[in-house]
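Model the placement of chain B on the given structure of chain A, informed by the hints.
Residue numbers (this note's numbering), protein chains in the order written: chain A, 332 to 970; chain B, 11 to 110.
No lab work stands behind these hints, which were simulated from the structure alone.
Hints are supplied without guarantee of correctness; some may be wrong.
[Unchecked claim] A few chain A residues that face chain B, going by a derived Cβ cut-off under 10 Å, partial list only:
no.: 1; residue: Thr399
no.: 2; residue: Met494
no.: 3; residue: Ile538
All C-beta atoms, glycine included, are put in the ideal place defined by N, C-alpha and C.
Chain by chain, the residues run as shown.
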Amino acid sequence: MFSTIRAGFIFSLLTCLCAALIGRVAWLQTAGRQNILARADRQEQESQVLPARRGTIFDANGILMAGTIQTSTLFIDARFMFDHYQSEGRSLVDMDKAIAGLAAVVDKRPFEIAKVLGDNPNARFVKIAENLDDNQTAAIGKLNIPGAGISHDYARYYPLGAMAAHILGGVGTNGIGLDGLELKFNNVLAGRAGYEVMTKDGHRRAIGADEQDYAPPRHGQNLVLTIDTNIQLIAEQELADSCQEFQAHRGEVVVMDPRTGAVLALANYPTFNPQNPEDSAPPTTRPAHATNDADDNNPDPRRNSCLVSPFEPGSIFKPFIAGPAFAWNVTNPLEIWPIPGGVYTTPYGRKVTDVHAYGPLPTWDVLVKSSNIGMSLLGERLGNARLYRAITSFAFGRPTGIELPGESTGLLNPLAKWTKYSTESVSQGYEVMVTPLQLARAMCAYANGGHLIQPHLIKGVLDADGNLIARTPTPDLSTLPQIVDTHTVEVMRRILCDVPIRGTAAGTRSDTWNIFGKTGTAHISLGKAGYSETRFNSSFICGGPAENPQLVIAFIIHDPNRNIAHYGGAVAGPGAMHLMERALSYMQVPPSPDLPPPPPEVAKLLWEYNPKLYEPKKAAAAQSVSRAGSPDEIAITHD
Amino acid sequence: MLKILLCLVTATAVAVALLQLRQQRLDLSYQNNRLHNEIQTEQARLWNQQIQIAVSTAPNAMQQVIAQQDIHFVAPATPPDHLHSWTEMPKPSESTATAE
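Only chain A is shown next, with the shape it has when bound in the complex:
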């Protein structure tokens, strides 16, 4: 009897329990379903984007030029925090105490945080403090405040500061490249963000994500450049030094390896800091000597003028006309041109002047002394069609194809638009506009045996783990277009070696290496108003060492203060030569053998030839080399 009652009681109890469970399940599946699912999702699931780390940019030696750092940000889930304190039955005073603890860690005033939370009570992400260090992050973790969390994000950082700014370009606050390589290779560098839906336990501890709820970020690939930051540093120093010394408007420099087309340095003045590209405003003041008749009085420091701002080159253009003329046997270095003093009147009545009143000059000295009259006579003999062919053979008027955005083609009118005036203008480097990079590329032809090389900045691409996935092949010069023959190249190099010795850059000669170069001093165009008589672009392009060229430099200074100097040999020449010497010294290039004087049959034709200029100057240098020993014996001494 007792047993039956007890069994009945237990059965009833179990039935009631089952009924209660079924009722609860029924309620959860119907009326309470949405509510409970929302609560469960909020409590158990947390979805977040996993940002991809932007790839690193290295120079040719592995020096980091642009990297990505992880930053920590303190945020508060305001809604969760309020809900949690209410459900736990804790007062607002407790919450204020917790906020005060947080404020102390992040060095903020508590009422500021409380106000932000009060203004956004339903917000799920209220940013409280950024760029926290490891100690602060650990301290916040120890406080264990519900709703407070640390989010990690990536920020771009440029350890070289303003160096190579125009190459790198910079990244905006949204993480997208703004200019330079950061813009051009944004897709390669950016990678792809991942996501995860993290499941949390009752203590809101992350306990993992299902496979289908997790996609890892694909970090960005890394770029290895051809830039050598040491040469870049030297180039920027020499450019800034020259621009400041001559109170110039702006300046550009390009350094290339003529054998490979690798761009070793590329710099502009003024420059900017890629860390804050949006804050780089053009300077508001102009040098005192400048007039206000140019549109670009205040250059944008972010503009990469090496590629995007073509200019009329003036006399540095002359070797690119004379070289093909030699190659086509239109003239030779010994031909004497009947230069009638300082002024020549063309057949159609235009006057062409030289700064000095030379008499008859050989073609050799037309280049060394940079005679406008001599070049005009040569241009007349060549004719417009062959002038045009000479210029286009050096690829002027076409972009070089370098891996940077916004490159200009320069300006080269179609032959049909040339007039009779074009013959003299183009022969002197006017009526065409070129970029410093195009000039450097053209000069490379005289340094590498006459081949048109492709300038490039990218040496290779590494994946996020550092494995090589692409490499720019070293070009085989023999497969590249031959602009001028090797004999012409040798002749031109030898002629241009005289420019720093007895030509327009006299006084800038290197005692250690034989450098060939050409100066330029071009009047600045005022548009329809003609050319300025007081404002000039001063330039120098050079290569060295002449016996085995390893560097080519285009060094352009725009609008220097004429009261100080304005000729290319005086303004751009010294800076370019210093850059060449420091770069060759850094590269441990052995000193050149003594440059032999011009052969007697040439010497007798040259203008005011002085053989003493060619006397050996390197005896002391050679002794120093033998003392210094092998390249491995680099000593550091403290004075």
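Frame of chain A, contents of chain B only:
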């Protein structure tokens, strides 16, 4: 009756054991997740240190240190007379460049 009680007790024990195993799995998942986060944090710290090293060893920073500490390099290839080494800016020299 005993059988029912035995079943209940056994079922409870199994349930408790299962719950305990589940809890252990959750704890392990949590620890696994925490370790994963720590690895990522350490990786990020390495990246940040890589940047700090780059800042300190950048050519411009090195040049500044060389100048401040008055260190002189002896180059294997002799630099021009007016240069001690490529790290030093040459002194301005008189230019005799002529007009063109």
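message: Would the hint on Thr399/A be counted as holding, given a Cβ-Cβ threshold of 10 Å to chain B?
response: holds (7 Å)
task: Double-check Met494/A for me: the hint is only fine if its C-beta lies closer than 10 Å to a C-beta in chain B.
output: holds (6 Å)
- prompt: Regarding the hint that Ile538/A lies at the interface with chain B, is the smallest CB-CB distance below 10 Å?
  reply: holds (4 Å)
In the structure shown, no violation is registered for any of the earlier numbered hints.
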